[in-house]
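Line by line, the protein sequences give chains X and R. Counting in this note's numbering, the first sequence runs without a single skipped number right up to 576 at its last residue. Counting in this note's numbering, the second sequence runs without a single skipped number right up to 667 at its last residue.
Hint data in this document are derived by calculation from the structure and do not stem from the laboratory. Among these hints, one or two may not hold up.
Unchecked claim - Covered, in the sense of this in silico footprint (three residues per stretch, anywhere, with C-beta under 8 Å from a C-beta of chain R), are these stretches of chain X:
hint	stretch
1	78-85
2	153-159
3	195-208
Claimed, not checked - Here are the simulated DSSO-like cross-link-like pairs (lysine-lysine), alpha carbons at most 30 Å apart as the crow flies:
hint	chain 1	residue 1	chain 2	residue 2
4	X	K213	R	K604
5	X	K115	X	K128
6	R	K604	X	K199
7	R	K655	X	K238
8	X	K247	X	K501
9	X	K50	X	K199
10	X	K191	X	K128
11	X	K50	R	K604
12	X	K491	X	K277
13	X	K247	X	K491
14	X	K247	X	K277
15	X	K391	X	K238
The C-beta atom is built at its ideal place from N, Cα and C for all residues, glycine as well.
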Amino acid sequence: MNFAASPVLALTLPTWRSRLLLYVFIACFAVLLGRAVYLQGMNNDFLQAKGESRYSRVIEIPADRGRILDRNGEALAISTPVKSIWAIPGEVHPSDRQLARLAALLEMPPREIEKRLADTGRDFVFLKRQIPPEVAERVAGLHVPGLFQNREYRRYYPNGEVTAHVLGFTGADDIGQEGVELALQDGLAGKPGSRRVIKDRLGQTVEDVESIKAAQDGHDLALALDTRIQNLAFSQLKAAVAQHRAKAGGVVVLDVDTGELLALANYPTYNPNNRSKLTGAQLRNRTLTDTFEPGSTLKPFTVALALEGGRVRADSVIQIAPGSLSIGAATIHDAHFERSLTVAQVIQKSSNVGAAKIALALSAESMWEMFRDVGFGAAPGLGFPGEAAGKVRPYRSWRPIEQATMSYGHGISVSLVQLARAYSVFARDGDLVPLSLLRVDIPPAGHRVITPRTAAAVRAMLEMAVNRSGTAPRAQIMGYRVAGKTGTAHKQENGAYAAEKYVSSFVGFAPASRPRLVIAVMIDEPSTGRYYGGTVAAPVFAQVMAGALRVLDVPLDGPMQPIELPPEGEEVKESV
Amino acid sequence: MTRLNLLLVAVLTACALGLVTSQHQARKLFGELELEQERSRQLGVEYGQLQLEASTWAVHARVERIASRQLHMRVPDAKRLQIARPKEAAK
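With the rest of the complex left out, here is chain X:
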C-alpha cells in the first residue's frame, strides 16, 4: 500500500474548520494591534511617564535670602549655606569607631545619637541641623549608609547685639521670625526654582531638558540704619543703663529731613547668633513696642497749641505763686517755684503749674487733635511687628484735672519712636515727617501741624531749656546749638503711680539753627537715687548727638567753648 493511497488522506475535513482557525488568529492579531495602537498613540501618558522616570529628574535650584545692609552698604545680615545631617533610623548601623567619629564631629554625646537612631518607627530623624559645610564633608567621608545631608541656610548677624532688635532673626528654615526679618519677609525671601534634566546611569546630569521655574534670589534690603550711629547709640545707652543701674533703656535717632530711623538702640539685648537663652524682656524692641507716660516732654506741644491759637506769646507772664494749683480734689505741684514765669520759662524750667494753667485755657478737643496730629495714639506705620499705638483717651471723657495733667505728659502714653517723630514738628518748621526703616532717597513731604512761626518760637524755648539755667544743661554739645526737653515721670504700676520708680527721658534736636537730627533717649527705672531726665538721659543725648553730627559732617553752628555746667546738684529741678 503506497502512501498516496492511504485512506487517511482520503478523509476530508469540512473547510469551515480551517477558516475558523484563520479568523481566530486574525482576530487575535487585531486585538494585539489595537492594544498597541491604544498604548502608543491614544493612552500613552502612563508609559511615557514610566519611561521618563528612568532618566529624567527634576532638580531644585536653591535661592538665597537677600542680605540686609545698612545705609552705607555695610552687611548687617547674610545667609550662608550650611548642612543638616539626617538619617533613616532602621538603616543606619554604624560601627563603634564610626559612631565615635560621628559623635566627635557633630559634638554630640554618642548615647544621644544612639537614642535617636533607636527610634525605628520613624523614617526620618535629624541628627543635627545647621552645621558648617566643612564638618558635613567630613561626616560624608565616614560613608555611613542611611545617613544623608540636606542643604540649609543659616543667617549671621555680624553686629550681634547692637542691631539685634531692629533686624530680628530667622528660624531654622530661614524664615523671618522677628523684627525687620519678619516685617519684610516677602522681599527678602528667595523663591527656589526647579529644572528638568536627563541623568545617566551614574547619576551625572547629561542634558538640560527644560527650566520649569527660574530661581529668584531674595532682594537685598538697604535699611535707613547707620551702623556707626547705631553703634554709638548702643554703647552710650549700655553705659548709661549700667551707670544708673536701670532696668532698661532706648535711644532713637531720626533724620529730620527724610524721616529715616538712623539708629534704634535697645537695652537689655541679646546675641542673635546664639539664641539659646532668650527671655521676652531681652527680645522686645522697646523703642517701638513699649509705651510709657512721657512726662514733661509733652509740654512743648501744649505751649505750641496755645501759641498757635494766639492765646499767649512767648513772653506772656503766667503767675505760678504759690507754686501749686488745685483742681477739684487734686493739687499740682512744682518742684521749685518762682512767683511768675514767662511762657518760654515754663518750658525752660519745666513748670507743671505753668503748663497746667496754659492747658486749662485751651479746649479739650483742640488738645486731643494736637496729640493726634503729631502721631500719638496711632501706630507709626512702619510695618514693624508689634509697634505700639500708645494711648490718648477720647477728649469727651477728659475731666479738667486730666486735661491739666495731660499738658505735662501724664495720663497719656507714647512709644519712644512716636515721641522722637512728634519732635520733628518743631525741628521741621511745623510739619510731621513720615518715618521709614528703609533708606529713603527722595525726602518725603511732611504733614503740616503748626505754622513755621510757632515752630520757631518753640525751638527758641527748647534751646533755653538746654542752657545753664534750664533743666538740661548736660545736653549741651560743644560747637553746636542744641534744643530739647527733659522728661521725668513716675511709672505706673497696677493703676497707681509708683513712688520710687521713674522713667527719665530727653528728646531734642541739633543743630538748632538748622536741625538735622532728632534724638530721643529713655532710661527706665534708674535706681541710684538720680532720676531727673536732665541728669540721667540728657548726657546720653549729648554723647550720641555729638558723635552722630561728627559722623555726618554737619557744619558747626555754635561757639567752640567748653561747656559750662552748674555745680553738681544745683541744676534746676524738674517737676515730676
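For chain X, the structure is supplied; the task is to place chain R on it using the hints.
Chain R in isolation, oriented as in the chain X frame:
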C-alpha cells in the same frame, strides 16, 4: 544603481557617526558647564562668607577697642581743638 546605493549607505553611516560624536561632545561640554556653574555657586557662597568675615572684623566695637587700647587714640578735649572754616564760610 548599485553604486549609488553604496554611496548613500556610506553617506548615511558617516552622518550617523557624526551625530553620535556631536551628541557625545554636547554631553561632555554640558558636564563642564555644570561643573563651572557649581563652581560659580561655590564662589558665591565663599563671597558671602568673606563678606561676613569682613563685617565681623570691622565691627565698630572692635575697631574702637583697638583704637583706644592698642593705638592709644582718643578724642581731643575742647582746649586742644581748633576749628578751621573754609574762607567763604568765614566771611
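Hint by hint, here is what the structure shows:
1. 78-85: Our answer is that it holds, as 4 residues pass the Cβ test (under 8 Å) against chain R, meeting three.
2. 153-159: holds (count 3)
3. 195-208: holds (count 5)
4. X/K213 x R/K604: 25 Å, holds
5. X/K115 x X/K128: 13 Å, holds
6. R/K604 x X/K199: Satisfied, since the Cα-Cα distance of roughly 13 Å is no more than 30 Å.
7. R/K655 x X/K238: 28 Å, holds
8. X/K247 x X/K501: 10 Å, holds
9. X/K50 x X/K199: Between X/K50 and X/K199 the Cα gap is close to 15 Å, so the pair holds against 30 Å.
10. X/K191 x X/K128: With Cα atoms ~25 Å apart, X/K191 and X/K128 stay inside 30 Å; holds.
11. X/K50 x R/K604: The given pair, whose Cα atoms are some 27 Å apart, holds under the 30 Å limit.
12. X/K491 x X/K277: 28 Å, holds
13. X/K247 x X/K491: Cα-Cα ~12 Å, so holds.
14. X/K247 x X/K277: Answer holds: X/K247 to X/K277 is near 19 Å, not above 30 Å.
15. X/K391 x X/K238: 28 Å, holds
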